[in-house]
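Peer 1: Turn these sequences into a full structure, and let the hints steer you where they fit.
Taken in sequence, the protein lines are chains A and B. Number 260 in this note's numbering belongs to position 260 of the first sequence; there are no gaps in the numbering. Number 250 in this note's numbering belongs to position 250 of the second sequence; there are no gaps in the numbering.
Just so you know, these hints were derived from the structure itself, not from any lab. Incorrect hints may have been included.
For identical chains, the list gives no copy identity; a pair is met inside one copy or between any two copies.
With a straight-line Cα cutoff of 25 Å, these simulated SDA-like cross-link-like pairs (lysine to any residue) come out [said to hold, decoys possible]:
| id | residue 1 | residue 2 |
| --- | --- | --- |
| 1 | Lys341 | Gly181 |
| 2 | Lys374 | Asp319 |
| 3 | Lys148 | Gly241 |
| 4 | Lys35 | Lys210 |
| 5 | Lys242 | Thr158 |
| 6 | Lys626 | Ala573 |
| 7 | Lys267 | Glu611 |
| 8 | Lys52 | Pro306 |
| 9 | Lys421 | Gly93 |
| 10 | Lys34 | Ala65 |
| 11 | Lys604 | Tyr403 |
| 12 | Lys594 | Phe314 |
| 13 | Lys242 | Glu137 |
| 14 | Lys148 | Gln446 |
| 15 | Lys594 | Phe115 |
2 protein chains.
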Amino acid sequence: SSGARDEEALIAEWEIAKTTVTKEIENVQALKEKKAAKDEIMAAVGKMKVAKENVARLEKLLFPADKLDIDRDAFDNLLLRRFFVCPSFSIYGGAKGFYDFGPPGCAIKNNLLAFWRQFFVLEENMLEIDTATVTPERVLQASGHVKKFNDLTVKDLTTGAYHRADHLLEDFVGELLKAPGVTPEKAQEYRTVIKLADDYTAEQLGVVMKKYSVVSPDGNPISDPFPANLMLETSVGRGDGKSYLRPETAQGIFVNFGRLLEFNGNKLPFAAATIGLAYRNEIAPRAGLLRVREFTLAEIEHFVFPDDKSHPKFDSVRDVEVNLLSAERQDRVVPSPVVMKIEDALKNSIIQNETVGYFIARVQLFMEAIGIKKEGLMFRQHRENEMAHYAQDCWDAEILTSYGWIEAMGIADRACFDLTKHAKGAGARMSVFRSFSEPREVEEVQMTVQKSAIGKTFKKEAKPLLVHLTSLDQEQIVKLQENLASGSTDIVLGDATFTVTGDMVKFKNVKKKVNGENIIPSVVEPSFGIGRILYCLLEHSFYAREDARRTVVALSPVIAPVKCSVLPLQQNANFGPVVQKVSALLTSSGISNKVDDVGQSIGKRYARTDEIGIPFGITVDFDTLKENEEGKDATVTLRDRDSTKQIRIPISELTSTILSIINSQSSWEDATQRFPAHTTED
Amino acid sequence: SSGARDEEALIAEWEIAKTTVTKEIENVQALKEKKAAKDEIMAAVGKMKVAKENVARLEKLLFPADKLDIDRDAFDNLLLRRFFVCPSFSIYGGAKGFYDFGPPGCAIKNNLLAFWRQFFVLEENMLEIDTATVTPERVLQASGHVKKFNDLTVKDLTTGAYHRADHLLEDFVGELLKAPGVTPEKAQEYRTVIKLADDYTAEQLGVVMKKYSVVSPDGNPISDPFPANLMLETSVGRGDGKSYLRPETAQGIFVNFGRLLEFNGNKLPFAAATIGLAYRNEIAPRAGLLRVREFTLAEIEHFVFPDDKSHPKFDSVRDVEVNLLSAERQDRVVPSPVVMKIEDALKNSIIQNETVGYFIARVQLFMEAIGIKKEGLMFRQHRENEMAHYAQDCWDAEILTSYGWIEAMGIADRACFDLTKHAKGAGARMSVFRSFSEPREVEEVQMTVQKSAIGKTFKKEAKPLLVHLTSLDQEQIVKLQENLASGSTDIVLGDATFTVTGDMVKFKNVKKKVNGENIIPSVVEPSFGIGRILYCLLEHSFYAREDARRTVVALSPVIAPVKCSVLPLQQNANFGPVVQKVSALLTSSGISNKVDDVGQSIGKRYARTDEIGIPFGITVDFDTLKENEEGKDATVTLRDRDSTKQIRIPISELTSTILSIINSQSSWEDATQRFPAHTTED
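Peer 2: Shown next as C-alpha cells:
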C-alpha cells in the first residue's frame, strides 16, 4: 500500500538524519579539540541543532505520541479537591496502594459498570455470576497462581526496601536515555532494554542490571532479582483454612464451569461474566490509581470448541476500524500501530481467530462510547516471549495517559489451559460432549486381566494391582501394551512395586461405535481493569478553558456522575420552592441531579459543576419566578457544559429534552434550534 | 385501647389454661400411681389433651408465628438446581461459609442493589462512596473492633472443634424444650434462656451452660466460653502492614467524614452511603446463606447535630404503619409486636427520635416494594442489655423465614461514638462548626508562663517544660490551676519529671467573645445485609402450584432476574427469525429477556421460567408465523406467571404493555381488558 511506502521513505529519511546528527556532533568535537575559532564552532553547533531538530520532527511523524499532554498537577489536584478519589485511610497516614472513591468517583464507577453490563452482558446474554473473593489455597495451587503469580523483585541491600526489578531497570535506563550526549545508537539500545524490561527472566534481568550497574533509587547496591508472590494471604476458620484474596475474578467462573454449562443447556459457545474485587500485593505501588493493591475487575470468559473459534455475531463488527500494534510491528525499528478494519486484520492473520477479533472490535466500540479518544487507544499484541506458553493470541487495549500508554484491559485466547488445570486439580469433569454428525467406528485395544497368572505371582498382595488394572482407560492401556513390548514393566502402587509380565494381561484390537466425544473447551478472556479505564477516561475528559484555572471534566452523559445541576440564580428564599419542584421533576424521570445553593456567584457554581463533569446546568432566575407567579408555564435556562451556551426552555419541556440528548436521540444543537438562546456573562 | 384490653383478657385466659394443663397432668399421674381403671385413666388423658390443645390455640393467637411454613428441602433444591446460588469452590469440596451467586441470583442481587440505590441514595441525594476492604490494624484498633469484635466461643475438649457458645446453648435448651412432659413453667424458663442467649457475658454464659450441663453437639465436654475475634487477618507489603478484611463497611465512611462534610458545603444534616463487601470469620457457619463469612452490606450514615435529630422529610412517612416489638414488650409474658403508625410510635416515645423513625418507615416501604410480606416483617428494638453503652436507640428489621425471625438489617442511633473514636485515634478533626445565633461572651482562664522563675529552677533543662506549658488548651490550663492549688504539682515529660510551683505560672480570668462551637455529630446508621434480605425475599416469593412439584418464585418485576422469556412453540427452524426479532425488540427497550428454545414441551419451559422468577412469558406460535408471512402485524401470546393466564397481543404493542406493568403504571388486569384471552393446556 502507499501508506507502507510512505512509511518506508520516512524511515529511510530518519536513518539518514540520524547519521547526519552523529556526523555534526563529531564535527563540533573535532573543531573544539583543534581549538577552532569561536564563530566556526558556533556555526557547527547551529548545524548540529538543525540536524537534531530534523530527527525530532521525523520521530514525531514515525512514533506514536508517548504521553498525553495534560497539566497533571492541576488534574491530580482536581481529583482530590472534588473528591473523585482520595488515598484510603488518609487521616491515619494512608495505606499505600489503596484508594477510596468519593461521591463523583463512585457515581462514575457505578455508571461505567452499569454501561459495561448493558453493553456486554445484556447485549449478548452472557451468564453473569458473582463469586467469593476469599479463595482456598488448593484452588490457586491448581490454577498455578501459588507458584507463578510473582513479580521479580530486588532488595535494597542497605535500607532493606523492596523494588520491582523491571520498574527499577526502566527508570534507571530511562535516566541514562535523558543524559546529554547520548548517541542515536545508544538511545536505540536503551529503548530496547526499556521495552523488554518486563519480559526478562530473573536471570536475564540480573545480567542486564549488572551490565548497566543498576542501583536502588536511594543509590544503594541491590540484590539479584527474585520472584515474590503477589497474593494477599489470610486464614479462614481457626487455623485450618489457608486462603488468598483472589488475584483475578476469572477463577470464580472456571470452578463453576460445570454448573454454567448445565445452565446453558449443555451447549457451546457461551460466555460467562463477573464483576468484582481482586487484590495484588504490589511490591511498591506507584503511579497513583494505575497500580493499586485492591481493584475492580470485569471479566468475560467466552467458551468455544477448540476447533471452531468463529463468533456468531462477527458480521456485525466486520467494518470496525481499530488501531493495531501487531507483534511483528513491535520488532521493527519503528514500532507504530496501524489503523485497519477488523476483517482485514483477520484476513491478514494478524488476529488469530474471529472470537478474539470480535472482542477487539467490541472493546473499541465500548471505549469510544464511554468517551476514550480514538487516537488515544490502541490494541497491542503480545510478543511470543511475553505470552504464557499455553496462550494462542493476546492483545492489550492500551490507552494514552500522562504516564504513557497504559494497559487498561486485555483479550487473551487461553486455549483449554484453565479448565484442564481445574479438571486435574479437582478431579472434576470440565468437558462438553459433542455428538458426531454420524456415529463413528473407532479401533480400540481391549485388555483382559489374567487373574490366575496374577494370583499365582502375587498371592494375597494381588488385590491393589487387580483394582488398578481394571480401572485403566484407553490411553493407559495402550501405554501398558507399549511398556510390555520389552517383556515386563514395573507398576508402583502405594508402597508396593509390582513387576507385571506379558502373561498377566492379554490385548486384542476391537472395533467400536462411538456417538461423540468429550472436549475441554477453549476460552477467550476479555478482562477489564475498571479503575484503570476510569482513570484514563478522566484524563481524556480533562481540559482547561481559555482561563487555565477553569478546568472541565467533559464526561459523556452516560458516564457523568450527575446529569444535571439545579441552581437558584441567587441565594434567596424565594427560589427554594421552584428549585425543589424542578429537582423533584427530574428525579421522577430518572434524571439524577444536584441542587447547588451554597451562596456563591452563578459563574462560580457553573465552574464547580464543570469540574465534576455535570453535562447540564438548569438555572432558576427572576424570570422563572415572575412567570411562575403569573401562572404561566415558567421557563428556566439550560446550559450545555461543553459549549457553555444557554437556552431558555419551559419547565414542561425540560425532562423530555434532556432525556432525548442523554439517550442520543437528539443533540444539544437540535435543542438550540427549538428554544431561544439565553445570554449572560457566565 | 380495646386492642390492649382484648390482649389482657387473652393472656388471663392463657394463664388459667396453663394451670389447667398442670392440674390435668397431675391428675393423670395420680390415677396411674393408684393404678386406676384403664377407662378412667384414658378419660383423664383425654381431658389433658384437650387442655393442652387449648393452650396451643391461645398461644397461636398471642405469639407471632415463629417459622415460615415452606418446604425447605424443595426450596434448597430449587436454589441449587436453577443455580441461584451454590457453595463456593464446590468442585474442591467447598469452603464453609462462602457462596457464589449463579446467573439468576446475581441478576436478582444486581436489581436489588440498583433499587436500593434508587430508593435511598438518589431519592435523598446521599453521598455514596466506595472504599477499601483491606483495612490497616490501627484503624480498627481506634474503632474498637480489634478488642471487641468477638463471638463467645467454646471448644469441644475431645475433638477440638469450636462452637459459638450462644448457638450451642440455644440448640441444647431447644432440645430440652421439645422433650415430652415439660411443664409450662419449665418451658417458660427455657424460652427465656434462649431469648437471652446472645446477651449473656462470657461469665453468665458459663454459669448457665453449667446449670444445664451443656455438652458439644457430639456429646463431649466443652471449655468455658471465651471471646474469639471474628476478623480475617492479612498482611500488606512485605511484612509491615498488618491489616484486616473489614468487618463492616461503615468505617470507610467515618474515616472520610472530613472530606464528605466539605463536599456537602460544611452543612448538617447529611447522609453518606456505601455498598460493598464485608467479612466475618464465623466460628462455625450454619443456616446456609444466613450466616456467611463474606457478604455484601449496604450502609447509610446519617449525620445530625446531637441536639437536633429531626428529619426534614419526616412528614412524608408520618402515616406509615409498622409492626413494632419494643424493648418494653419483649419483657412481657407475651412478647408480640404491635402495628402502629410511625408518628404514634414517636408520640409515645417508643421510638426515640424522628431520624430513627424516618428510617424505620422508609425501610418498611422498601421491604414492601421489593416483595417482603407485610406480616413477615417486624422491627424489634434492642433491649438495654444488648445495646452498646453508647447507643441511644437500636432497631432490627426482622423477617420471618423457615429458620425463624432473622435480622436482615438494623437501624442504630450510635450517637457520636464512632467519630469521637477516630478523632482520638487519628488526631483528626471530626467536628462541625455551628455558629451561635449571636456571638456569646464566655469566661476563660488565661495563663502566663513565668520564664525567669522556670529558668532559675531548671536551667538548661527548662526547654521541654516551656514548650509543654505554652501548648496547653483551656481544659488543661484549668486542670493545672486546680493541681497547683495545693502548692506544687509534678509534670512528667519523656524521662524527666518537673516539679512545677505556683510562682512559675500566673492565672487570670478573662472574658472572650465566641461566634460558635465545634460539635461532633451524632450518627444514625441503617445497615442492610443484602444477602440476608435476598434470601428472605426468595423464601417469601416461593410457593408450589396445586401440583406440589411445580414450584414458583414469584418475584416482582423490579427484582426478577429477567423480565421476559421468549419461547418458540416448538423446536422448529421456522420460529428462529421471529423469536430473535422479538428478543431484539425487547432488548432495545431495555427489557431483559431470555430465549428458551431447548427442545422441551412449552409447559415444561413455562415451569422452568416460573422457577427462576420470570414474570412474563412470550410465545411465538403458528399463528404468529402465519400472520408474519401474510405481512400482518403479527401477534404472540403473553403469559402472566402468577395467574398463568395468557393474552394474544400484537408484537407492536408488546414492549409498551410490558414496560407499563413493570413501571407500575398499569396492571396485568388492565392488559387482559385490552387484549383477547388465549387459552391452551399449559
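Peer 1: Of all the hints numbered above, which does this structure not satisfy? Sort the numbers upward.
Peer 2: Of the numbered hints, 1, 4, 8, 10, 11 and 14 do not hold.
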